[in-house]
Amino acid sequence: MNTHDIIFNGIAAFLSISIYTFLYKDNPLYKFAEHLVVGVSAGYFAVILYYNGFIPKLIEPLRQGKFEYIIPAILGIMIWTRFSRKWSWISRYSIAFYIGSGAGIAIPLYLQNYVIRQLHATMIPVGFSTWQLFSNILIVVGVLSALFYFYFSKEHTGAFGGVAKLGIWTLMIGFGAGFGLTVMGRVSLLSERVVFLRDYLAELINYIF
Amino acid sequence: MSPICLFLFLWFDFNRINVLIILVIFFLFVLYFINQAKKGKSLFVRRIAGLDAIEEAVGRATEMGKPILYISGIEDMDNLQTVASMIILGNVAQMTATYDVPLLVPICRPFVVPVAEEAVKQGYSKAGRPDAYDKNNIRYISDEQFAYTAGVNGIMLRDRPAANLMFGSFFAESLIMAETGFSTGAIQVAGTANIHQLPFFVVACDYTVIGEELFATSAYLSKEPKLLGSLKGSDLAKFLIMIILILGALLETFGITKFSSWFFVR
Chain A
1 MNTHDIIFNG
11 IAAFLSISIY
21 TFLYKDNPLY
31 KFAEHLVVGV
41 SAGYFAVILY
51 YNGFIPKLIE
61 PLRQGKFEYI
71 IPAILGIMIW
81 TRFSRKWSWI
91 SRYSIAFYIG
101 SGAGIAIPLY
111 LQNYVIRQLH
121 ATMIPVGFST
131 WQLFSNILIV
141 VGVLSALFYF
151 YFSKEHTGAF
161 GGVAKLGIWT
171 LMIGFGAGFG
181 LTVMGRVSLL
191 SERVVFLRDY
201 LAELINYIF
Chain B
1 MSPICLFLFL
11 WFDFNRINVL
21 IILVIFFLFV
31 LYFINQAKKG
41 KSLFVRRIAG
51 LDAIEEAVGR
61 ATEMGKPILY
71 ISGIEDMDNL
81 QTVASMIILG
91 NVAQMTATYD
101 VPLLVPICRP
111 FVVPVAEEAV
121 KQGYSKAGRP
131 DAYDKNNIRY
141 ISDEQFAYTA
151 GVNGIMLRDR
161 PAANLMFGSF
171 FAESLIMAET
181 GFSTGAIQVA
191 GTANIHQLPF
201 FVVACDYTVI
211 GEELFATSAY
221 LSKEPKLLGS
231 LKGSDLAKFL
241 IMIILILGAL
251 LETFGITKFS
261 SWFFVR
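So the protein lines, in turn, are chains A and B.
Following this note's numbering, the numbering of the first sequence begins with 1 at its first residue and continues without gaps.
Following this note's numbering, the numbering of the second sequence begins with 1 at its first residue and continues without gaps.
To be clear, the hints were calculated from the coordinates, so they are not data collected in a lab.
Wrong hints could be hidden among the right ones.
Unchecked claim - Quick list of simulated restraints, FRET-style, between CB atoms: (1) B:257 x A:104: 32 to 40 Å; (2) A:138 x B:28: 28 to 36 Å; (3) A:16 x B:246: 52 to 60 Å; (4) B:255 x A:67: 55 to 63 Å; (5) A:67 x B:131: 41 to 49 Å; (6) B:195 x A:73: 32 to 40 Å; (7) A:105 x B:28: 15 to 23 Å.
Said to hold, decoys possible - Straight-line Cα separation of at most 27 Å, DSSO-like style, residue types lysine-lysine; simulated pairs: (8) A:86 x B:135; (9) B:238 x B:39; (10) B:41 x A:154; (11) A:86 x B:121; (12) B:226 x A:154; (13) B:38 x A:154; (14) A:154 x A:165; (15) A:31 x B:66; (16) B:39 x B:226; (17) B:66 x A:25.
Just so it is clear, CB atoms sit at the ideal spot from N, CA and C, and this is done for glycine as well.
Next up, chain B with everything else stripped away, as it sits in the complex (with noise of 0.2 Å):
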């Protein structure tokens, strides 16, 4: 065999080529976006209702002089529901720093809380108020699901935040903190995209952000040319899935299964 095959050989599994194309396929449709972003062209995203009620929350803990609760989730930083919860939770800090809210984030995981840190002070920053940034309020709680559950409902019992965000990856837990937090009449903001917990967050809290739309809320908050890119790339994506989903149904109803069979992943 000679060097180059048994590179590809090693290297490729030739079986999962599919997800490749599309993988290639999705990241020009990103890079092209990206592209048109930093140029300068305006790219237009629907406004999110979950967006609104953000601000809300925030007017509302300004109003009432109470903190704001921000749940990151129980996942790590290498999650991607915890990074655009992390981009929030910068303009989010940006907010609370601008009307003098504080802004109180109980961590999960070790790793999350330096880039909690950095993207709390980063949103001082901005707002000009770098002074009032307060490492004590971004706070290690533990690493095991419930004890870490337990602490955070201790903390909306105790210190009866105005509001409770909630965004990123959210398992077990979703239900028993969004009821604590609704037993406090606290406002509710939750997004995950974990759909198995989406149900709970849709009773128990006032507004939901869903699915997708949490990295939607990401890109559309930061106004960055990379995740507006990545957002409007995915969106042409998701015209091309349409399409090719209709086509595929019509296809199978006619019995011609290859166009089908090649989405096949093993």
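Extracted from the complex, chain A is given alone in its bound form (with noise of 0.2 Å):
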């Protein structure tokens, strides 16, 4: 490890364990360490914005002639007017523009996506002659339970309220089993940042030595 790594390493374990301190209490080591993580992000934010979205969206095809991408340039440039008072009403047109065409594009997808190809993935087989066919009925009970949690025209009482009892119960299982598999998830990249830690610390002690 040379003179460069030594230091811009010795900045980011130096930056880690200070947000590691929050396990004691709030302290200034953390204070510092999020008020440079907020605002290092906000100015590399502004800059990959600039890079990314504004040169190579509307610039780079303004220069090409293609006018139509004037459009977007001026609901961009209306929501600016939130700056004043008086002209702030010009900017909810760009907002509804988004919100609208972010719901027309989100809405088929989610259909698609979490309705109809889950709906067609429990259209299954069942009986009880095979082990498989015992568990697709737990699979089939499990969603229509689930399904009849998420029923809101109708009080969860009596044997509607069994049913969706039941439908919680579901959901708690797959909560409980998604846990335990992020829970390792995270596990995993905390032993990489102290196996980094641990790997910086040999590193300075040889570089000094």
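Relying on the hints, combine the two individually framed chains into one complex.
This is how it looks when you write it as structure tokens:
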């Protein structure tokens, strides 16, 4: 490791430890790291947006004579009217366009991926003759009972409430499995950071002595 | 090729005609119920436990004289969960304005800031206290996920809000924020439709609004005919899905696959 690596990896190690001090309590080291990461990220994103958004998606097309790009540019400029009390209402048109187009794209995609594909995957043969067929019963009953839970037009009472309760149990079992899986992922992230700190310390000792 | 055929060929993906048909049926249900709601017909929606929790959280903050922290997730305004979150924010703002509790709204995406400002301003106006609206309480933190998380954690630790309300689209930051909020002793109510993050909210928050309940909450609170209509429409769609599911599973069991294969999306 050369001097350059020692300095920059040292900054990374220092900031990692500063963030971890939060586990003890709020302290000046954590505050410093927090303010630094918030400030740097704001500046970083401004530059990223300029080079990855503004230049290739507006300036370059305009240079190539694609003048229809003026429309989103005007919508973007309209957002800036929020700084004026008198003209801030103009920005609502841009917001409405953005939300409307976003919903228009999202709704068919949601329906396709989260409803129709799931529905197709759940239409499976059921029975008691094999373990697979019995598992399929559990899947179909689990999905149906979860759907009962998310039915809002009826109170969860009586037999309906019983099925809805089975639905929430099904969801909780799913959440438990998801929790375990993600926690394992987080532990591996922690291990990676601990290994980085250990290796840096070893390299630093080698460099000094 | 005739112009009409060319138009259809260019504009329609015939492999996904099933998606179009289902979408049209769904929209018809929604439009029917919106129409019913507009005519003034009362549409029953069961109360969601998370709603009582929001009121409880505002009450606790009022008693303690501490602010409420509202986190709207880390996605932009094109995400439906953020839209639902903004509707809930408007209602929370109305409650906090009524009880004179400061409402802090740290935001991750620049585009959400003006919408949140409008929602809070409207909430304060509805409560009859437009003068109490403080624009500085709606703060843009950062676009970067973990910079935003660090900033929100800082607010939780320094301003010590009495309640943390988290509604919207959350990802890996959910557990970090919920855990920090838990350590400060705040009452926490969270809701997201991101299934992979729900377990964390369930373990670290006092109340969790699960999945579609987030959209139902926004409809229930706002009492908007359009939202109530879409909620009732989706309920009817769910009922239809249940029937299709049972029918599909039974037909598959007897070896008839044509019915389920119609729902296959390429």
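Going down the list of hints, with the structure as the test:
1. B:257 x A:104: 32 to 40 Å: At roughly 33 Å between Cβ atoms, residue 104 of chain A and residue 257 of chain B fall inside 32 to 40 Å, so the hint holds.
2. A:138 x B:28: 28 to 36 Å: holds (34 Å)
3. A:16 x B:246: 52 to 60 Å: holds (53 Å)
4. B:255 x A:67: 55 to 63 Å: holds (60 Å)
5. A:67 x B:131: 41 to 49 Å: The hint (41 to 49 Å, Cβ to Cβ) holds, given that residue 67 of chain A and residue 131 of chain B are roughly 46 Å apart.
6. B:195 x A:73: 32 to 40 Å: holds (38 Å)
7. A:105 x B:28: 15 to 23 Å: holds (21 Å)
8. A:86 x B:135: Between residue 86 of chain A and residue 135 of chain B the Cα gap is close to 16 Å, so the pair holds against 27 Å.
9. B:238 x B:39: Judged against 27 Å, a Cα distance of about 24 Å means the pair holds.
10. B:41 x A:154: Measuring from Cα to Cα gives roughly 16 Å; hence the hint holds.
11. A:86 x B:121: holds (16 Å)
12. B:226 x A:154: Given pair residue 226 of chain B, residue 154 of chain A holds - Cα atoms ~19 Å apart, limit 27 Å.
13. B:38 x A:154: holds (21 Å)
14. A:154 x A:165: holds (14 Å)
15. A:31 x B:66: This hinted pair holds, its Cα atoms lying about 22 Å apart.
16. B:39 x B:226: holds (12 Å)
17. B:66 x A:25: Given that 27 Å is the threshold and the Cα spacing comes to 21 Å, the pair holds.
Of the numbered hints stated above, none is contradicted by the structure.
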